[in-house]
Structures are given as C-alpha cells and as structure tokens.
Amino acid sequence: MSEIARNSPDPRLWLKQRSRWSIVEIAFWLAALLPFFLFPAYLTLASQIAIAALFAVSVDLVLGYAGIVTLGHAMFFGLGAYAAGLISKAGWGEPLSGLVMAGVFAGLVGYVASFIIVRVQHLALIMITLGLGILSYELANAMSWLTGGTDGLQGVDTWPLFGAFEFDLWGKTAYSYALAGLFIGVMVCRRMVHSSFGLALRGIRENVRRMPAIGSDYRAHLQTVYAISAAIAGAAGALLTQTTDTVSLDVLSFQRSADVVVMLILGGTGRLYGGIVGAIIFLVARDQLAGINPQYWYFWIGVLLMVVVLVMPSGILGGLARLAGKRD
Amino acid sequence: MIGQIAIVLFDGFAFGMLLFVLSVGLSVTLGLMNFINLAHCAFGMLGGYVAVTAMRQLGLPFVASLPLAFLAAAAVSVIFERTLFRRLYQAGELNQVLFTIGLVFVAAATATYLFGTGQQPIQLPSWLRGSVEIAGMRLGAYRMFLVAVALAITALLVFGLERTRFGAQVRAAVDNQRVAQGLGLDVDRIFAVTFAVGSGLAGLGGALAIEIVGLDPSFGFHFLVYVLIVVSVGGLGSVAGSFLGATLLGIGDVAGKYFVPEIGSFLIYLIMVAILFMRPLGLLGRR
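Respectively, the protein sequence lines represent chains E and W.
Count the first sequence with our numbering and you get residues -11 to 316, in order.
Count the second sequence with our numbering and you get residues 5 to 291, in order.
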C-alpha cells in the first residue's frame, strides 16, 4: 500500500486504490447468505449477530477510527430501539420509515451530545460517555409511563416489510432485513473511511494536536463522526426492536456498551470488519456456552480481554493481516 | 426537620468518607502514571473478602481484620503491578481500560466460585452497633467510627505527602515525571510503593464498606462507577480533590435519594457530567 502512496502523485487515486473491493470481502458477504441454507434453525441468532455487528461497526467509527474511547454507546442503541418501538406503538408500524426515523433521532441526540464529547479527553472523556450511558438508563427506568420501565415496552407491532414479508417466528424476514441493514451500514462507513474525511479521523486518532497545525478542524470532524455513529447505532437498536417486537430496558445497559467494545476489540479496531467478526465469535460462543453459569462466562471474557491486550493488540483481523504480511 | 437534614448530611458525609478511602489511591496513581486502573475496586473487594474470612475462619475481631485487609490488597496489587500492569504504561488508554476491566471480570468470577453470589454479612463488635445521641441527634456508631478512621487516614496521607521525604518525591513525580526522573528520583519504585498503598487503602475501604453497602462479587463493578466519579470530579493526583469529590458525591447521593427519590438515582450522574463539562480536569485538577 505504501508503494502506491509514494508513486502516485494524485491522492484521490491513492484513496481509490485503497477502497477497491477485495476477493475476501466479496466472499464474506456471500458467506453471510449461507445461514439461509445451512442453519435455517439459527436464523434468529443470525439476525441478532447482524444487529450486534452493525452496532459494533458504529462504535468502530468513533473508537477505532477517531480514537474516542466510549463506554456508553448503548445510549444511542437504546434510543433508537425505544424510538422505533414508540413510533410503532403510536400506530405507525411501517418498518423502513420507522428505522430511518429512529436512526435520525439517535443521530440528533448524538450531535447534541458531541458538544460535550469534544470538550474533554482522557479519563474525563471515558467518564462522560459512561455517565451519559448510565444517565439514559436511569432516565428510561424512571420514565416508566413512557418506556414501560423494567417490564419493557409492550404492544410494539411491526407491519410486514414492503407490505408483503411478515416477521415470522423462523426469522427469515428478520435475518434478511437485519443483514440488509448491516450491509448498507457497512457500505456507508466504508465509503466514509476511504474518503478524505476518514483520513482526517485517523489523523485525529494518531495526534489530535497536530491536526489544527495542518488546518484541519478536528472538532467539527469529531462531531460529525459522533453523530453519524450515533445514527447507525440507533438504526441497529431499531432493527432489534422491529425484529423482536419488544424493547427491554437492557438495550441501554452498561453491559451492552461493554459487550460491544469487547466484540470490537476481539475482532480488531479500525478495520470495519473487525466488529462483525467479533460479533460473530462473541455471540456464537455465548449461544453455545449458554448452559454454563453467566458468571463463569465472564471469567473467560475477562481472560480473553487480557490476553488480547497483551498478545494481539490489533485483534483477530489485525493478527491475520500481520500473518498475511499486510500492513494498513 | 433540621435534625433530619443534619442526620442525612451526616450519613452522606460518612458515605463520602467511605468513598474517599476507596478512591484516593486511584487518584494518586492516576496522577502519577496516567494508568487507568479500573480494577482498583477489585482490590477493594479482595480486602472485603479477606476481612470476612479472617473474622470467620480465624475468629479475629473486626478491628483486627482491617489491617489484614489493607496488607492483603497491597501485597496482591504489587504483584499485579510488577508483572502485568507495568507493561501497559506506554499502551493507549483503551488497552489499559480493557485489560483492567478484564481483570474485574475475572475477579468477580473468582469471588463467585469461592464465596457464592450471596451477600457476606459480618458481626460487628457491640461498641460499633446501635447509635449514639449527640446534641439531640441519634448518629450511627459505626458511621462515626467510619468518619474517624477516614479522617485519621486523611491526616496521615496529608502528613506523609507534605512533610516526609518520600511524600516530596511523590509530589515531584506527579508534577512532572520526566524532570523528577532526570533529577535522579527512582520513579518506578515510587510508583510501586504508591500503588501498593493506594490499593491497600482500597482493600481497607472494601472491608469498611461491608457494613454500609454489603459485599458480593459485583462489588468491583458497582463501586467502580462511584470511585471513578470521585476521581474525575475531584481531579487527578490530588488528595484534597478526592476528599472534596467524595464528600460531594456521598452527600449528594444520600440526600438525593432521601429528599427526591424520583430522580435520586441519576442525580449524581447528571451532576458529574455537568461538572466535567464545566471543568474537564475536575474541580481541583491542574493537568
């Protein structure tokens, strides 16, 4: 990759080179269709994975690319989930428009929150994201007249997709819908990180102080990416609501924020597909080990986290890329 | 009514003192090495379980089990610091957060394995039970004990940091690590000792907390949020900041839950976000 950078005088050409589709990428998306044929009994799990993966991709934008460590991103996931549920409860159950509205709502809240986010760094940043996350959880709990509190939001009714495909028990529609959502989300992010905007984000991650020196308005960039990430996280939450027809309080929980970071780290940050790979491994493993006590499940997650940090700081995909001799 | 307010203030202050003991170590080590140790409260939990075990298995009195909690947490933390944490000082904050949170997961699972998920009640000596009447108010004896212990620790810390040679070295290292190293101070050793004392205090705090909030495997998580609020609101590396932050949080939490129960559970988070928005470095933070 670095050779191209040296030889080509036009930076646009270089960006274009980098954003070219690889065989592995195409094979990955084809493989995503396999569950329809190979594991038709696991389509519900597959749609959960696709939703978690979309959420992880949204976190990757802020954490992996822009370098904002966030421990409260479930806030936007949950806002999207509740927004979609409340829209449906209010009598408009059309899924696509509901999804867009929920995403836009989460994105707007994300934009407002970004004014706080760009002001702080380091520990204060982690605490602000954590604090906002817990705050939204406690607010949703306190406003039980709107959210149903700990009982969850009842009475969500999603209409058939395009008026034809019912969300059934087998999860065929659910998985198709969630997978399409994931695909579109990843394509949007892919276009973004391979643009000059994506390069600016990486510049912020590497050295925030030098960005103003080269004339880059890093605050505006951070606010934009934070809002976009919030919108995508909200869309992921809305997908969850629409495919399950319920919203429970745990969409906003700290656990969800922590789990998504674990998935992302496991797969590898700053490479879009890391979050997807992490989500697949995390959720399949949890499904297979569902029989064991959840306390011990977290023992292994803890061990895994420590090993990944010490041994493979760039995650599974980063490790694979290193083995293949590629650098990014 | 005034008596009621006074009692709530006192209970809040006592809770704040507990938070101070739990968090002051983290504040100093964060100021020293910028190492975000989310496992700090796991050492607190360790201290709590050591105290419980010492009282049940060895039949030690409560007050005698407190130094044991301090020593055990300090000893274990120094082993972790020397073998694992020190590899992460140069790593990014994300790696520090992930590694130490992984440690909290492991600690919680280990505690569940050894002690089960239930609460671990303890039997206090009779002179710490009940309440004492002072100026017409009935104050809990244990809370008074807690305040006395915390104030004694504060006095010791302030004396140690302001009046001793080692304290001067610590302050120098917090102010500017590179220059301190350049002047020949062994920052590495200073940090190891500070880390041990800080974690030991967390262990002591864990033992003191059993009577107030109980002890179960989720302690390391549950208190982490409180401790981080204290540290970030008070400002890194500042004993006075931690004291102020802990007092504010303790009184705010107890009074909020008592007087406005509808919003009491998230009042403290709202205040924290507001304070950090106004002063990203904390109330008394300088860096």
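If you're looking for bench data, these hints aren't it; they were derived computationally from the structure.
Take these hints with a grain of salt, some might be off.
[As the list claims (entries may be wrong)] Here are a few chain W residues that sit away from chain E, every Cβ distance over 12 Å (derived from the structure): (1) N38; (2) G63; (3) A95; (4) R142; (5) M148; (6) E166; (7) G239; (8) I255; (9) G268; (10) L271; (11) A278; (12) P284; (13) G286; (14) G289.
[Claimed, not checked] Pulled from the structure, derived: some chain E residues nowhere near chain W, Cβ distances all over 12 Å: (15) V12; (16) T58; (17) T117; (18) E126; (19) A130; (20) T232; (21) G307.
[As the list claims (entries may be wrong)] FRET-style restraints, in silico, Cβ to Cβ: (22) R310(E) x Q61(W): 47 to 53 Å; (23) S184(E) x A159(W): 56 to 62 Å; (24) D205(E) x G96(W): 22 to 28 Å; (25) W9(E) x N38(W): 53 to 59 Å.
C-beta: ideal position from N, C-alpha, C; glycine also.
Consistency of the hints with the structure:
At the 12 Å boundary, the C-beta of N38(W) falls inside the reach of chain E, the nearest C-beta of that chain being 8 Å off. Interface exclusion of G63(W) from chain E stands, the closest Cβ pair being 30 Å apart, more than 12 Å. A Cβ of chain E approaches the Cβ of A95(W) within 12 Å, the least distance being about 7 Å, so the stated non-interface status is violated. With a cut of 12 Å on Cβ distances, R142(W) stays outside the contact zone with chain E, its closest approach being about 32 Å.
At roughly 31 Å from the closest C-beta of chain E, the C-beta of M148(W) stays outside 12 Å, upholding its exclusion from the interface. Remark: the non-interface label on E166(W) is consistent with the geometry, its nearest Cβ contact in chain E lying 25 Å away (cut-off 12 Å). Its closest Cβ contact with chain E, about 10 Å, brings G239(W) to no more than 12 Å, contrary to its assignment away from the interface. Residue-level check passed: I255(W) sits 18 Å from the nearest beta carbon of chain E, beyond 12 Å.
With a cut of 12 Å on Cβ distances, G268(W) falls inside the contact zone with chain E, its closest approach being about 10 Å. Against the 12 Å criterion, L271(W) falls within the reach of chain E, whose nearest CB is about 9 Å from its own CB. Against the 12 Å criterion, A278(W) falls within the reach of chain E, whose nearest CB is about 10 Å from its own CB. Look at P284(W): its CB is around 4 Å from the nearest CB on chain E, not clear of 12 Å, so calling it non-interface is violated.
Annotated as non-interface, G286(W) brings its C-beta within 12 Å of a C-beta of chain E; the closest such distance is 7 Å. Distance to chain E contradicts G289(W) as a non-interface residue, since its nearest Cβ pair spans about 9 Å, not more than 12 Å. Its beta-carbon lying about 26 Å from the closest one in chain W, V12(E) satisfies the requirement of being farther than 12 Å from that chain. At roughly 10 Å from the closest C-beta of chain W, the C-beta of T58(E) falls inside 12 Å, breaking its exclusion from the interface.
Annotated as non-interface, T117(E) brings its C-beta within 12 Å of a C-beta of chain W; the closest such distance is 10 Å. The beta carbon of E126(E) sits about 4 Å from the closest Cβ of chain W, which is not more than 12 Å, so the claim that it is off the interface is violated. With a cut of 12 Å on Cβ distances, A130(E) falls inside the contact zone with chain W, its closest approach being about 6 Å. Listed as a non-interface residue, T232(E) keeps its Cβ farther than 12 Å from every Cβ of chain W; the least gap is roughly 27 Å.
Every beta carbon of chain W lies more than 12 Å from that of G307(E), the smallest distance being close to 15 Å; the non-interface claim holds. Taken as a hint, the range 47 to 53 Å holds for the pair R310(E) and Q61(W), whose Cβ atoms sit roughly 49 Å apart. The supplied range of 56 to 62 Å is met by S184(E) and A159(W), whose beta-carbon atoms lie about 58 Å from each other. Separation of D205(E) from G96(W) is about 24 Å and conforms to the stated range, judged on CB atoms against 22 to 28 Å.
Hint check: W9(E) to N38(W), Cβ distance near 41 Å, so the stated range 53 to 59 Å is violated.
This entry does not satisfy hints 1, 3, 7, 9, 10, 11, 12, 13, 14, 16, 17, 18, 19 and 25, going by the numbered hints stated previously.
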